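**Q** Using the hints provided, position chain G relative to the given structure of chain H.
First to last, the sequence lines map onto chains H and G. When the letters of the first sequence are read in order and numbered with this note's numbering, they come out as residues 1 to 1146. When the letters of the second sequence are read in order and numbered with this note's numbering, they come out as residues 1 to 116.
It is possible that some hints are incorrect.
[What the hints assert, rightly or not] Each computed DSS-like pair below joins lysine-lysine, with the alpha-carbon atoms no more than 30 Å apart:
| hint | chain 1 | residue 1 | chain 2 | residue 2 |
| --- | --- | --- | --- | --- |
| 1 | H | K613 | G | K31 |
| 2 | G | K109 | G | K99 |
| 3 | H | K413 | G | K60 |
| 4 | H | K691 | G | K109 |
| 5 | H | K691 | G | K10 |
| 6 | H | K206 | H | K256 |
| 7 | H | K231 | H | K254 |
| 8 | H | K689 | G | K31 |
| 9 | H | K763 | H | K1029 |
| 10 | G | K10 | H | K60 |
| 11 | G | K10 | H | K719 |
| 12 | H | K480 | H | K517 |
| 13 | H | K796 | H | K825 |
| 14 | G | K10 | H | K661 |
| 15 | H | K689 | G | K60 |
| 16 | G | K99 | H | K689 |
| 17 | G | K102 | H | K601 |
| 18 | H | K719 | G | K109 |
| 19 | H | K868 | H | K855 |
| 20 | G | K99 | H | K60 |
| 21 | G | K109 | H | K613 |
[Unchecked claim] One-sided and incomplete, this derived list gives chain G residues near chain H with beta-carbon spacing under 7 Å:
| hint | residue |
| --- | --- |
| 22 | P6 |
| 23 | S7 |
| 24 | I12 |
| 25 | H24 |
| 26 | H27 |
| 27 | T49 |
| 28 | G51 |
[Said to hold, decoys possible] Derived coverage of chain H by chain G (criterion: at least 3 residues anywhere in the stretch with Cβ under 8 Å from a Cβ of chain G; other residues may be distant):
| hint | segment |
| --- | --- |
| 29 | 682 to 696 |
| 30 | 1130 to 1138 |
These are calculated hints, taken from the structure and not from any lab test. Nothing here was measured: the structure is a model prediction, and the numbers come from that model. Every residue, glycine too, gets a C-beta built ideally from N, C-alpha and C.
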Amino acid sequence: MKKKIGKALVVGSGISGIRAALDLAEFGYGVILIDRLPHIGGILSQLDYQFPTDRCGMCKMLPLVDRDASSQYCLRKGLFHENIQIRLSTELTSVEGEPGHFQVTLRQKPRLVDPVLCVGCGECVKVCPVEVPDSFHAGMTTRKAIYLPVPHAIPNPYVIDMEACTRCGDCEAVCPTDAIKVSEHIHRDFRVLVVDDELIVRDSIKEWLEDEGFTVNVAASGPEALDILSKQSYQLMLTDIKMPGMGGVELLQKAKEDFPDICVIMMTAYATVETAVEAMKIGASDYLIKPFEPDNLIQMVFQKYQEHEAASEAPIEVGALVLCGGTAYFNPSEGENTFGYGVYPNVVTSLDFERILSSAALQQGRLVRPSDSKPLRKVAWFQCVGSRDIKIDADFCSFVCCMHAIKEALVAKERAEDELEAAIFYMDMRTFGKSFQRYRCQAETKHGVRFERGRVHSIIQDEASGDLIVGHVDYTGTHKEEHFDMVVLSVGQRPAPGTAELAEMVGISLNQWGFCKAEPFSETLTSQEGILLGGSFSGLKDINDSVIQASAAALAASLVIHTTGGSLLLEPKSHEPFLDISQEPPRVMVLVCTCGDTLSKLFDPQQLARRLKTDPGVDRVFFLEQTCTAAGWENLVELVEKHKPNRILIGACIPYLYSRKTRELGRRVGLVPGLIHVVNLRLMDQLSKLKDETPSADEITAIIHELSSILGMGLARLKWADPTPAPRVKIFQQALVVGGGIAGMTAALAIADHGFQVDLVEKEEMLGGNLTWLERDLEGNITEIILEKTRHNLEKHPLIRVHTRSRVLGSYGQVGRFYTTIEDKAKGTFTLEHGVTILATGGMEATTTSYNYDKSEAIITQKELEQKINDNKLHPSQLESVVMIQCVDSREEPRNYCSRICCDTSLKDALCLKRQNPDIDIYIFYRDIMAYGFVESYYTQARKAGVIFIPYDVAEKPRVTVTDGSIQVTASEPIIGQKIRLDADLVVLATGIVPTLPKDLAEAFGVTVDQDGFFQEAETKWRPVDSIKEGVFACGLAHSPRNIAESIATARAASQRALRILCHEHMPAGKVVAEIHHSLCSLCEQCIDACPYGARTLDLDLEKVIINPAMCQGCGSCATVCPNSASTLVGFSDRQMLDVIDSAFE
Amino acid sequence: MRLQYPSDIKVIIIPCTGKIDILHILHAFEKGADGVYVVGCMEGDCHYTNGNLRARSRIKHIQKILDTIGIGGERAQMYNLSSNDGPRFAEIAVEMDEKIRKLGPNPIKLAQNTAA
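Here chain H stands alone, though its shape is the one from the complex (with noise of 0.2 Å):
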């Protein structure tokens, strides 16, 4: 099949930007990764640890299938994919065209520090004068005004701070490379017009920007203004709006209409701002209030400068458009300030706290706090600050704050070794995820976190100690006051910067506080086909739903390209056969980076070489200049082309810089990857050890002794490598998919629009799940057009067949090929080839035997409620009180997980109740309403509307009684500190959702299920769709209790997932991957259960330990535990192991 073939524009690159990215480019298409910073990841480029581990473990969203297209680094630090074009400072500023050709013009900001021309010696750094608050570190350091955005990033260019820097050009003056224009002479074309009446001003502006190298001329008039503009080009003007005769905005308009290109920026007094807005809708580009700073003024020259320097590009067509723009953050210094942000010094955002942890701040680690490095001994978290507050226009939930500030909590007491305190102050513990709750309740229970319920309402600083004295109120109303050395705020979120813009531009509507808007049931699909929203851009998500939602919007971009016939990026290069070296010596050629003239300044290269060449596989010696630079590297591939060398050996500095140009080379030249090896010299290092600047004899001796060893280890790994083609597996291109509800369904079509066949197997009659009973959602949309909408294009479509009443009773096999079993209730038993399996088998409302649930008709489920509303079998006229109650059997042992979506459902069933009857009385019984995210506003709704919530403990649960056929709910009333007693008409129990996955199901695909019965991804946060066992992946409610958006999310997740392996013919292996000579093996099978991934199997017919290469990671544990050395692993064998050991002590 020839490979599909497309092109993916990927806006923003923090976790989502990078998951989409992935996904698009596993599948084969070009991706142009884009963010206007000058780095990757986003915020998690500050954030070291993630709960549920408390670690980062980003790395397992790097590639399985194909892995060697990426490189396997440390994502924090790159990405590094072969079909992934990294585009930083850039952004998007317009789109044309329709979906599936869509025309992009990007803008690369100018960089006075060339990326590709800097090395990061940092020698700018120090001799540059200023010094800054750090932001990278909040502010608890300081940088110079010539920087690293974020210190871990490779490749890591200096960027310079245009605010902060004084242009004095000695950072330009001491780089080696000529990496840095900052000096004045650069913009010395930038022409600006100054026009003002009155004399002072205009001169002392003129004096201003001539100091920082700007050309400068004034006029006194607009019609002198006009006449100079006619003589010479200017590329900025800047013009008084109230001047006699003709005024600034009849200038604007004449000027603009000879000279279209000019910028122009209007100077305003107080009092005439409204002009000043005016004169920007026709054509003014900016304006300034007078008087201003010097500074206000320069800076937005230099900005403007930087606009026009950064000339757009040619457009580039791309198919589909990923919005992954992220979010902002909550600056809680905004308005009434009440907790002293900005004014206490210990007063910390939660982000601030981050890097307080990180041990990569300077710290080293120890907990302290900025004012006066006291250690930390007291710390409290303010939940909701900057969200849940009506007052403030935020009436949402920021999703991710309260997990956020429990793991902060822990890290800092692991990191004090529990000789800190740490209290956090909540209205709601939201804890909604899989796994949360648990999480939750060991920091209360294991690790002593406090958890306060009630609302902070001052902090006041103690001058002396510089202690914080907080003043709260708990839910009793008792007034307290405490003191803490520390007070974290868990800030909200705000739409990213420039989000309204981007959202003009590409055509697609905000929600009422300025976040994207996805459609109905959908998180990723806008109204504008072919532009998606990733991640947190239509909201803060937390990783988990970021990277499921980023993956669903990379199917729905890859849908788009694919239908609209996708052919866009270049057809993938054919190139020659793999030669066969299995019988030729090595014949080694090194290549040896001298950086620039670093290397040949010290000594010879050629005494070098000689070393060397003692070594007979070293075939030839060659010195290089510059092997990162496009030239260098080509004079190598010609090297190589003439030379014809059957292994290649680069010494050279951050291997992993060239993982995609060794591939290519080897395509090139016919060597598989793993006989091109590069080896990090360590140049910079072995110089800095020198003492002086002409090194003595023995100095130098002990460089070459050094290169020579870290070459020779190299050489090692080299002589021995196995010259063979790493394995490929057949992939059978069909899917099998179990289970027809709503996520099933989704999955199964997403498939076969990719053009591959599919398998669905319900066991009812009827597809659809749950949403045959669900009428609407919170948001009130009618979940018959979506079900109606996809059983329609799923049952016509020709590449599915539909088993119903049908279900799995036994599967065999791995990725690739799968022999499943079905048993039909109408067709009889027959068996289904597949290559990869998808779970959806759903979720139902859980039963319950609580509150005398069968102890009365008027005591009912959600689920009940809902059908009986539905079928008009209630009539809320009749009704006086309502009472429900949330969290029944849940979020405690044996069920300790939140649902996640009862209490939407109740806020949703008691809207509805309200609506037709707002006489009725309704009590919410909760411990902690999860109304997460935007569902926050129909909580406000609620309480708007009178609906009464009434919180609970799980020691002192409402009881529910039934006598004589009427309902009594008794419960204690902890604001009033009394005994309530309801008489009730209806009592509705929320009893969450237990997953329908049956066991031998799990068992059956080898996947498991946690202990709740939930599908066990292979990693909650980065790998969230798939099972560790390669080729099967799960989604919907089996995969964890979601709502129906959701749920969707996560089944184009998966189907994204399993396209990435399906659009296969043949799977490669990576070049590391594990080996077995049947000879030496004793079937002892310590291998198998070794193997983290399963890849390896006993064949009782072969009598053979068989392994799929394509689920190897190559990790290599079977390789250390084989007590016979019959399991190795290329690459590592014990050959190449103690032949690298020996070089690295000759």
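**A** Leaving out everything else, chain G in the frame of chain H:
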């Protein structure tokens, strides 16, 4: 970040610490290494699920062997860190370097030198 760490440390890259073999480590001591340390992912966060836990128990085992044969178990160590935590990598290198310098040269090397 261009962090400095002691130059007498040779880095041998392996895909996962679960790949370390007792034989390889002993071979390094035989060849004259004064100390060997293994740096893996944080516990609970192994890229390959649990290789670092296997490595930990192997290092414990090697320490026993080294103690038994008179080389000293302290010369083999296991560390865990995140791959983006360069400063900690440098810190570990310094810590190990200091520890080994205190212990002095590997007795095998001394014996070999005397024999020669």
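**Q** Run every hint past the structure and note whether it holds.
**A** Hint check results:
A distance of roughly 23 Å separates the Cα atoms of H/K613 and G/K31; the hinted pair therefore holds under the 30 Å criterion. The straight-line distance between the Cα atoms of G/K109 and G/K99 is roughly 18 Å, inside the 30 Å bound, and the hint therefore holds. At most 30 Å may separate the alpha-carbon atoms for a hinted pair to count; H/K413 and G/K60 meet this at roughly 28 Å. Of the supplied pair hints, the one linking H/K691 and G/K109 holds, its CA atoms being roughly 29 Å apart against a limit of 30 Å.
Distance restraint check for H/K691 and G/K10: the Cα-Cα separation of roughly 21 Å lies within the 30 Å cut-off, and the hinted pair is therefore satisfied. Restraint check for H/K206 and H/K256: satisfied, since their Cα atoms lie roughly 22 Å apart, inside the 30 Å limit. A C-alpha spacing of about 15 Å is found between H/K231 and H/K254, which places the hinted pair at or below 30 Å, so the restraint holds. A hinted pair counts as satisfied when its Cα atoms are at most 30 Å apart, and H/K689 with G/K31 qualifies at roughly 25 Å.
Between H/K763 and H/K1029, the direct Cα distance comes to roughly 25 Å. Compliance with the 30 Å bound is thereby established for this hinted pair. With a C-alpha separation of about 27 Å, the suggested pairing of G/K10 with H/K60 holds against the 30 Å cut-off. Distance restraint check for G/K10 and H/K719: the Cα-Cα separation of roughly 20 Å lies within the 30 Å cut-off, and the hinted pair is therefore satisfied. Of the pairs offered as hints, the one joining H/K480 and H/K517 is violated, with about 42 Å between alpha carbons and a cut-off of 30 Å exceeded.
For the hint linking H/K796 to H/K825, the alpha-carbon distance of about 22 Å falls within 30 Å, and the restraint holds. Restraint check for G/K10 and H/K661: satisfied, since their Cα atoms lie roughly 26 Å apart, inside the 30 Å limit. Only pairs whose Cα atoms come within 30 Å are accepted, and H/K689 paired with G/K60 is rejected, the gap being roughly 34 Å. Restraint check for G/K99 and H/K689: satisfied, since their Cα atoms lie roughly 21 Å apart, inside the 30 Å limit.
Between G/K102 and H/K601, the direct Cα distance comes to roughly 37 Å. Violation of the 30 Å bound is thereby established for this hinted pair. Taking the CA atoms of H/K719 and G/K109, the gap is about 28 Å. The hint holds against a cut of 30 Å. Between the alpha carbons of H/K868 and H/K855 the distance comes to roughly 18 Å, so the proposed pair stays at or under 30 Å and holds. Proposed proximity of G/K99 and H/K60 is contradicted: the alpha carbons are some 34 Å apart, above 30 Å.
A hinted pair counts as satisfied when its Cα atoms are at most 30 Å apart, and G/K109 with H/K613 qualifies at roughly 28 Å. For G/P6, the suggested interface contact is broken, since its CB lies about 10 Å from the closest CB of chain H, more than 7 Å. With its C-beta approaching chain H no nearer than about 6 Å, G/S7 sits inside the 7 Å limit, and its interface hint holds. Taken as an interface hint, G/I12 checks out: its beta carbon lies about 6 Å from the nearest beta carbon of chain H, inside 7 Å.
For G/H24, the shortest C-beta to C-beta distance to chain H is roughly 5 Å, which falls under 7 Å, so the interface hint holds. The beta carbon of G/H27 is positioned within 7 Å of a beta carbon in chain H (closest approach about 5 Å), and the interface hint is therefore held. Among the interface hints, the one on G/T49 holds; its C-beta lies about 4 Å from the nearest C-beta in chain H, closer than the 7 Å criterion. The interface hint given for G/G51 is met, as the beta carbon of that residue sits about 6 Å from the closest beta carbon of chain H, less than 7 Å.
With a threshold of 8 Å between beta carbons, the proposed coverage of the segment 682 to 696 of chain H by chain G holds, since 5 of its residues qualify and at least three are required. Counting residues of the segment 1130 to 1138 of chain H whose CB lies closer than 8 Å to any CB of chain G gives 4, which reaches the minimum of 3, so the coverage claim holds.
Hint compliance for this structure: hints 12, 15, 17, 20, 22 are not met, and every other hint is.
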